[in-house]
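S.K.: The residues making up each chain are set out below.
Protein chains: 2
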Amino acid sequence: MKSINIGLIGFGTVGSGVVKILQERRKLLKEKIGVEIILKKICDKNIAANRPVKVEKGLLTTNADEILDDPGIDIVVELIGGIRPAGEFLRKALLKGKHVVTANKALLAEEGQALFNLAREKGRSIYFEASVGAGIPIIKAVREGLVANKFQGVFGIVNGTSNYILSLMAHQDCSFNAALAEAKKKGYAEANPFLDIEGIDSAHKLILLTYLCFGRFVSLKDVFVEGISRISLLDIDYAKELGWQIKLLAIAKKSKDKLEVRVHPTLIPEEHPLSSISGINNAIYVHSDLVGSLLFYGPGAGWLSAASAVVADIVDLTKDIKAGLFKPTLNILPDTSIKGLLKIDEIESRYYIRFMTEDKPGVLASISGILGKFGISIASVTQKERKKVGVVPIVMILHEAKEKNIRQALEQINKLKVVKDEAVAIRIEETF
Amino acid sequence: MKSINIGLIGFGTVGSGVVKILQERRKLLKEKIGVEIILKKICDKNIAANRPVKVEKGLLTTNADEILDDPGIDIVVELIGGIRPAGEFLRKALLKGKHVVTANKALLAEEGQALFNLAREKGRSIYFEASVGAGIPIIKAVREGLVANKFQGVFGIVNGTSNYILSLMAHQDCSFNAALAEAKKKGYAEANPFLDIEGIDSAHKLILLTYLCFGRFVSLKDVFVEGISRISLLDIDYAKELGWQIKLLAIAKKSKDKLEVRVHPTLIPEEHPLSSISGINNAIYVHSDLVGSLLFYGPGAGWLSAASAVVADIVDLTKDIKAGLFKPTLNILPDTSIKGLLKIDEIESRYYIRFMTEDKPGVLASISGILGKFGISIASVTQKERKKVGVVPIVMILHEAKEKNIRQALEQINKLKVVKDEAVAIRIEETF
Chain A
1 MKSINIGLIG FGTVGSGVVK ILQERRKLLK EKIGVEIILK KICDKNIAAN RPVKVEKGLL
61 TTNADEILDD PGIDIVVELI GGIRPAGEFL RKALLKGKHV VTANKALLAE EGQALFNLAR
121 EKGRSIYFEA SVGAGIPIIK AVREGLVANK FQGVFGIVNG TSNYILSLMA HQDCSFNAAL
181 AEAKKKGYAE ANPFLDIEGI DSAHKLILLT YLCFGRFVSL KDVFVEGISR ISLLDIDYAK
241 ELGWQIKLLA IAKKSKDKLE VRVHPTLIPE EHPLSSISGI NNAIYVHSDL VGSLLFYGPG
301 AGWLSAASAV VADIVDLTKD IKAGLFKPTL NILPDTSIKG LLKIDEIESR YYIRFMTEDK
361 PGVLASISGI LGKFGISIAS VTQKERKKVG VVPIVMILHE AKEKNIRQAL EQINKLKVVK
421 DEAVAIRIEE TF
Chain B
1 MKSINIGLIG FGTVGSGVVK ILQERRKLLK EKIGVEIILK KICDKNIAAN RPVKVEKGLL
61 TTNADEILDD PGIDIVVELI GGIRPAGEFL RKALLKGKHV VTANKALLAE EGQALFNLAR
121 EKGRSIYFEA SVGAGIPIIK AVREGLVANK FQGVFGIVNG TSNYILSLMA HQDCSFNAAL
181 AEAKKKGYAE ANPFLDIEGI DSAHKLILLT YLCFGRFVSL KDVFVEGISR ISLLDIDYAK
241 ELGWQIKLLA IAKKSKDKLE VRVHPTLIPE EHPLSSISGI NNAIYVHSDL VGSLLFYGPG
301 AGWLSAASAV VADIVDLTKD IKAGLFKPTL NILPDTSIKG LLKIDEIESR YYIRFMTEDK
361 PGVLASISGI LGKFGISIAS VTQKERKKVG VVPIVMILHE AKEKNIRQAL EQINKLKVVK
421 DEAVAIRIEE TF
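These protein sequence lines are chains A and B, in that order. The first sequence begins at 1 in our numbering and counts up one residue at a time. The second sequence begins at 1 in our numbering and counts up one residue at a time.
Hints are not guaranteed to be accurate.
Intra- or inter-copy, both count: the list cannot distinguish identical chains.
Unchecked claim - For lysine to aspartate or glutamate, the following EDC-like pairs were computed, each having C-alpha atoms within a straight-line distance of at most 16 Å:
| hint | residue 1 | residue 2 |
| --- | --- | --- |
| 1 | LYS404 | GLU346 |
| 2 | LYS32 | ASP335 |
| 3 | LYS20 | ASP289 |
| 4 | LYS150 | GLU31 |
| 5 | LYS150 | GLU24 |
| 6 | LYS360 | GLU241 |
| 7 | LYS92 | ASP421 |
| 8 | LYS322 | GLU31 |
| 9 | LYS258 | GLU358 |
| 10 | LYS384 | GLU241 |
| 11 | LYS360 | GLU400 |
| 12 | LYS404 | GLU31 |
Simulated from the structure, these hints should not be mistaken for lab results.
Could you put together the complete structure from these sequences and hints?
M.R.: In structure tokens form, the structure reads like this:
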């Protein structure tokens, strides 16, 4: 075998990056793997648009079947994103005996289980390095590099937009809205940033990391998801004073024989390596039993960064195909010690809580009385100077307590007449 | 092919870890790769010693030829360390058609070029993930995960002992000697810590990272190496005041069409992710053209950590062998834009300099006069309060200057009557 044929579906930003790399590194890649990677066809619904790379007209089509039905194409690269028609394309590619490379975290998070099953059935592979952390080779590292390990937890800053906003708020002392506006201006946030700032994109990636580390697909509805839109500069500043940073963390971790899978703003210790991840960077922190704690860090976006991961996947598949190895090379197995998912109500966590109260005697007593009733004990209290007339922030760090108890206590506290705004509660993570 | 046979040479700490993992994860690995990994023979000069794992007596031998001459053994794992006889064992293994896994950075740094050539000639592979950063899958990440990238530089904290000592000095305000003593007590430093604290071990690993990123083997004598034994608490504290951390950094980076390869204590900005790497941890920071800057972080030592990497290599080779792919799967190519090595005299760097001078008028004028004569300009000066009677430390941050000029200027300054101790000069790195 002297060459391998690729069909690319999706000639957008990352697609253009893939084309650029395959053009400019054609010789390099051929020398490295001894096989020429030939881009045989590119499909996009808009083939007239200007793009940062030039390709021969004959390569372009608007009909995906020209790729999917071509028996000469070995690998289909899907970069259109979204669920439909991407899912149909992937299924058809696998049914036609092709290997698949995709960066489509939403699709894999939603239909991954069925797609990976189909691939196994057909003896084909789905590679998806670009779907988490763009060019950071996290999937390869966990799947192959840590092949003999069992995992206790994976903790990721996997959404660059949210991390950029939180970093900007922390470093430049600006509001959430100002930071979001700046992120849009810089092109780091989309016009509708909902998926990013509300944690959905992080949840998609977390589902894939959970699959990698624990061998099971959880569905989006089983992931507790809370975004960053309620985080205020006040909380970032208070947290900092107490030695914490606020990050949007995607967490999957074992809790005895259960698995917790959740995305939410999280206080992490300032000296933890994840605290130093700023801007649009991503980082994935993995706790494994043989190696211990590992961190993988890099830019979470960028057309060439994601394209670098796609090309690495193509190279891996090319090596497999060249070797005549027409079946998945490395099975992902379920961690059989895990008996199910832990519901968010049942998780135990320390908490940062900010109450906005009237500046009156007895307020602290009422609040701590209710917390005590639910068996929640207070690790530290700081009553801040008032900023609004008559309203004082009280910041508490709570000892580990059950989520359900916290929620019920806060409900009662929020009803107190002396409490002015709804309490802000942010989980603390320090088990890593 | 249902099984693959391994011969292990070296039943020490890491060797025991490999045996333990192959015993305890036998079923897991078999399910993942569809092939059983069988440990057929273990060779060590001392087979009577107590070890943390139990093996059948019949598995043990003191004669390496029982492994090397056995046509039934597919992969030889070499974990004895040192140059001789390890090199002979590796050569013989390759000549006998076996693949090799090794953690031996000293051997690969010294004889890697010849060994890799021999492997290529024989159509066999040498895998060496455990040789840099123990269980951190840095070699796989760079070689496979970043396969399409070209590299501008690699910057590593790759010696856990040195990093532990520097961290302890910084965090607990103790002297180099006290920190070294503590490291020995904890088992993080050997009785003779020379290779670690004088930068040789880092240089060995740097040679391998340079090979990975730039495709060329440099020899140890071409690597500028300076250890940490001259670093004083004074400098760590002054550096911290100015916003820097001192780390023993292994650096290989392109400088126009030349390559700089050096190991030395280095001031890095406090907010750089490498600054947060403390204790015996290792971290490798890679700057690549497609992805940008990446950091890989984890424990730099530990029997199971290194063994995890060895087993990952065994699995990779098993997959290759299973596929009938009896030749290296991924060539490492020389970066042809590099025309040679830049001698240390020719490198340009910013500098931190500490002079210990008499507390007299005109001292600063004499020093800055000499610096000026060599075209070296001063970015900042801090004259510290005296600690010893009559002696004041003057701390300078110099603008970028050629190493040769710095050296000549310091020689003249050291001869001044008002200068009491030899000036301490530490390079600054902020190009990453």
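S.K.: For LYS150 and GLU24, with the copy left unspecified, which applies at a CA distance of at most 16 Å: within, between, both, or neither?
M.R.: between (39 Å within a copy, 12 Å between copies)
S.K.: Between LYS258 and GLU358, at a C-alpha cutoff of 16 Å, which is it: within one copy, between copies, both, or neither?
M.R.: neither (41 Å within a copy, 67 Å between copies)
S.K.: Given a CA cutoff of 16 Å, do LYS20 and ASP289 count as a within-copy pair, a between-copy pair, both, or neither?
M.R.: Close across copies (13 Å), not inside one copy (40 Å); limit 16 Å.
S.K.: My question is about LYS32 and ASP335: at a cut-off of 16 Å on alpha-carbon distance, are they close within one copy, between copies, both, or neither?
M.R.: Answer is between; shortest inter-copy Cα gap is 12 Å, intra-copy 36 Å.
S.K.: How would you label the pair LYS92, ASP421 (within, between, both, or neither) given a Cα cut-off of 16 Å?
M.R.: This pair counts as neither: shortest intra-copy Cα distance 53 Å, inter-copy 75 Å.
S.K.: When Cα atoms must be at most 16 Å apart, do LYS360 and GLU400 count as within-copy, between-copy, both, or neither?
M.R.: neither (28 Å within a copy, 59 Å between copies)
S.K.: Given identical chains, is LYS360 near GLU241, meaning Cα to Cα at most 16 Å, within a copy, between copies, both, or neither?
M.R.: Result: close neither inside a copy nor across copies, 24 Å intra and 43 Å inter.
S.K.: With identical chains treated as interchangeable, where does the CA-CA distance between LYS322 and GLU31 reach 16 Å or less: within a copy, between copies, both, or neither?
M.R.: within (14 Å within a copy, 23 Å between copies)
S.K.: What label fits LYS150 with GLU31 when the C-alpha limit is 16 Å: within, between, both, or neither?
M.R.: between (36 Å within a copy, 14 Å between copies)
S.K.: Regarding LYS404 and GLU346, is the shortest C-alpha distance of 16 Å or less found within a copy, between copies, in both, or in neither?
M.R.: For LYS404 and GLU346, the Cα distance is within 16 Å only inside one copy (6 Å; across copies 65 Å).
S.K.: When Cα atoms must be at most 16 Å apart, do LYS384 and GLU241 count as within-copy, between-copy, both, or neither?
M.R.: within (11 Å within a copy, 30 Å between copies)
S.K.: Is the C-alpha distance from LYS404 to GLU31 at most 16 Å within one copy, between copies, in both cases, or in neither?
M.R.: neither (59 Å within a copy, 39 Å between copies)
Violated hints, listed in ascending order, are 6, 7, 9, 11, 12; each of the other numbered hints is respected by the structure.
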